[in-house]
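Colleague: Letter by letter, the chains look like this.
There are 2 protein chains.
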Amino acid sequence: MSSGALNKQFIVMVGPAGSGKTTLTASFGKWLEENQGYSVGYVNLDPGVEELPYRPDVDARRYVRVRDVMEKLRLGPNGALIVSVDMLLKHAPELVSEISSLPHDFVIVDTPGQMELFLFRETGPAFISKFKELGQVAVVLIFDPTLTNRLVDAVALRLMNLVAQLRLASESIVIINKCDLLGEGSEDLLSPDLTALMEKLKGETGVLADMAVKLLEVISGFGLASRVVKVSAITGEGLQELYDLLHEVYCTCGDLT
Amino acid sequence: MSSGALNKQFIVMVGPAGSGKTTLTASFGKWLEENQGYSVGYVNLDPGVEELPYRPDVDARRYVRVRDVMEKLRLGPNGALIVSVDMLLKHAPELVSEISSLPHDFVIVDTPGQMELFLFRETGPAFISKFKELGQVAVVLIFDPTLTNRLVDAVALRLMNLVAQLRLASESIVIINKCDLLGEGSEDLLSPDLTALMEKLKGETGVLADMAVKLLEVISGFGLASRVVKVSAITGEGLQELYDLLHEVYCTCGDLT
Numbered sequence: 017m018s019s020g021a022l023n024k025q026f027i028v029m030v031g032p033a034g035s036g037k038t039t040l041t042a043s044f045g046k047w048l049e050e051n052q053g054y055s056v057g058y059v060n061l062d063p064g065v066e067e068l069p070y071r072p073d074v075d076a077r078r079y080v081r082v083r084d085v086m087e088k089l090r091l092g093p094n095g096a097l098i099v100s101v102d103m104l105l106k107h108a109p110e111l112v113s114e115i116s117s118l119p120h121d122f123v124i125v126d127t128p129g130q131m132e133l134f135l136f137r138e139t140g141p142a143f144i145s146k147f148k149e150l151g152q153v154a155v156v157l158i159f160d161p162t163l164t165n166r167l168v169d170a171v172a173l174r175l176m177n178l179v180a181q182l183r184l185a186s187e188s189i190v191i192i193n194k195c196d197l198l199g200e201g202s203e204d205l206l207s208p209d210l211t212a213l214m215e216k217l218k219g220e221t222g223v224l225a226d227m228a229v230k231l232l233e234v235i236s237g238f239g240l241a242s243r244v245v246k247v248s249a250i251t252g253e254g255l256q257e258l259y260d261l262l263h264e265v266y267c268t269c270g271d272l273t
Numbered sequence: 017m018s019s020g021a022l023n024k025q026f027i028v029m030v031g032p033a034g035s036g037k038t039t040l041t042a043s044f045g046k047w048l049e050e051n052q053g054y055s056v057g058y059v060n061l062d063p064g065v066e067e068l069p070y071r072p073d074v075d076a077r078r079y080v081r082v083r084d085v086m087e088k089l090r091l092g093p094n095g096a097l098i099v100s101v102d103m104l105l106k107h108a109p110e111l112v113s114e115i116s117s118l119p120h121d122f123v124i125v126d127t128p129g130q131m132e133l134f135l136f137r138e139t140g141p142a143f144i145s146k147f148k149e150l151g152q153v154a155v156v157l158i159f160d161p162t163l164t165n166r167l168v169d170a171v172a173l174r175l176m177n178l179v180a181q182l183r184l185a186s187e188s189i190v191i192i193n194k195c196d197l198l199g200e201g202s203e204d205l206l207s208p209d210l211t212a213l214m215e216k217l218k219g220e221t222g223v224l225a226d227m228a229v230k231l232l233e234v235i236s237g238f239g240l241a242s243r244v245v246k247v248s249a250i251t252g253e254g255l256q257e258l259y260d261l262l263h264e265v266y267c268t269c270g271d272l273t
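Chains as they are written, first to last, in the working numbering: chain F, 17 to 273; chain Y, 17 to 273.
Calculated from the structure, these hints are not laboratory results. Just so we're clear, the structure is a prediction, and the values are computed from it rather than from any experiment. Among these hints, one or two may not hold up.
The list cannot tell twin chains apart, which means a pair is met if one copy fits it or any two copies do.
With a Cα cut of at most 30 Å, we get these calculated DSS-like pairs of lysine-lysine [as the list claims (entries may be wrong)]: (1) 216 to 230; (2) 230 to 246; (3) 148 to 218; (4) 230 to 46; (5) 148 to 106; (6) 46 to 216; (7) 146 to 216; (8) 246 to 46.
All chains, please: the whole structure from these sequences, using the hints.
Modeller: Structure below.
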């Protein structure tokens, strides 16, 4: 069937607009090649990106480009983005065929600029399901330091991880990119041991804080969901930890669903 | 200070691209005017929208337009959307001043096409915090029926509601728009009584299903978070239920944080 490697390891970069998916795709790919000696395939599934800091082996823009959709269908940027990501689904057979032929050990998949188009429409779950037929899949869920400013953000981060896992039926790792911009006090918020975070939340009043503590109690019982890795795509900080955690995902978890 | 009504009721429409925020803003506004006799002010905070089915009393495009940002800064649609929503924050003083002068009982706020730009950057929380100084705020979190296809989607919906509440520090109501497109079997998934959903999930195997059941147990102890309203912005179905639930939010909950 495929001339490519039989059991690929997929790393799917998912995150809101501006979180740094594309930069991390380039820098983590380079790190895997240079520090670990792997061959890495690059897949761009963002039909709206203008310039890429890596050379994609498979590129969604061969089939769909947001700028073309804006012009041809006379749509605004909002509408064109939606239509473009939905169009990707129609081209899934060609794209998946190209991807299955890649000869690399690791395949890093860069997803649409807007996370919600991948997460809350059909395109994301459909592609992930195809990737699972070709190998093992780990989702890397990327946020920037804005999501670490307040106690409740630390809870929102973990909940978003669960949402991604539920929607994509795949294990996911939360990372905070641009970690050089992290403020003080973020250690307790991002620690895999959720105790300190829960204690701080107990000091807050209100229904939401109560609920947040109870949700964290549930999450803390489920290992990986509570881990947050700090990464800088620019300095390379945290890439080793991300790599180690990916190994854990591939080795121990298998299929979550 | 303000020549407008002193205690406004804000309804903030938030939802992923394509969920129907703009259509619902128009149809729910009209319903409030025609069926309840209220005066309704319309605020457009989406700098990327091309056409509106309502006449905005306050319009973010007076200050920022995504198409202009694309041209002037030579950005692609992804980058221009991010920059535009961040620019809104800089124009918050003018926009909030315009909004505070509105004489209406209800103010419906239509938010950027991409939910994540409002939810995961600083613009959304900052505007909501300003609205709270002018009156009472309820967030309406809108999804389309894609998010009701599977059992786990019903869990993801409730988790997204919590994420919105945590980020925006405001009570929110989840609605499924375009409910005429709902598939069979969605009743159990959307019921405020989460028992049926939990029972079904217990029949599924896997770590995620286990965790989902435990999360739902927590959520079901916190009233409103479990409610999902089915609405059709086109036929008007569910608008009365949305109105009733908004009243509940304004009357009983006050500030969640």
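Colleague: How do residue 148 and residue 218 come out at 30 Å by Cα distance, when the copy is not named: within, between, both, or neither?
Modeller: Between copies, since 24 Å is at most 30 Å while 40 Å is not.
Colleague: Tell me, please, which holds for residue 230 and residue 46 at an alpha-carbon limit of 30 Å: within, between, both or neither?
Modeller: Neither: 40 Å inside a copy, 40 Å across copies.
Colleague: Which holds for residue 230 with residue 246 at a C-alpha limit of 30 Å: within a copy, between copies, both or neither?
Modeller: both (25 Å within a copy, 28 Å between copies)
Colleague: At 30 Å max between alpha carbons, let me know whether residue 146 reaches residue 216 within a copy, between copies, both or neither.
Modeller: Intra 42 Å, inter 26 Å, cutoff 30 Å: inter-copy only.
Colleague: Between copies, within a copy, both or neither: which fits residue 46 and residue 216 at Cα up to 30 Å?
Modeller: neither (39 Å within a copy, 44 Å between copies)
Colleague: Within a copy, between copies, both or neither: where do residue 148 and residue 106 come within 30 Å Cα-Cα?
Modeller: within (19 Å within a copy, 44 Å between copies)
Colleague: For residue 216 vs residue 230, is the C-alpha pair at or below 30 Å within one copy, between two copies, both, or neither?
Modeller: So residue 216 and residue 230 pass the 30 Å test inside a copy (13 Å) and across (22 Å) alike.
Colleague: With identical chains, the pair residue 246 and residue 46 could be close in the same copy or across copies; at 30 Å between alpha carbons, which is it: within, between, both, or neither?
Modeller: Answer is within; shortest intra-copy Cα gap is 18 Å, inter-copy 47 Å.
Against the hints set out earlier in the document, violations occur for numbers 4, 6.
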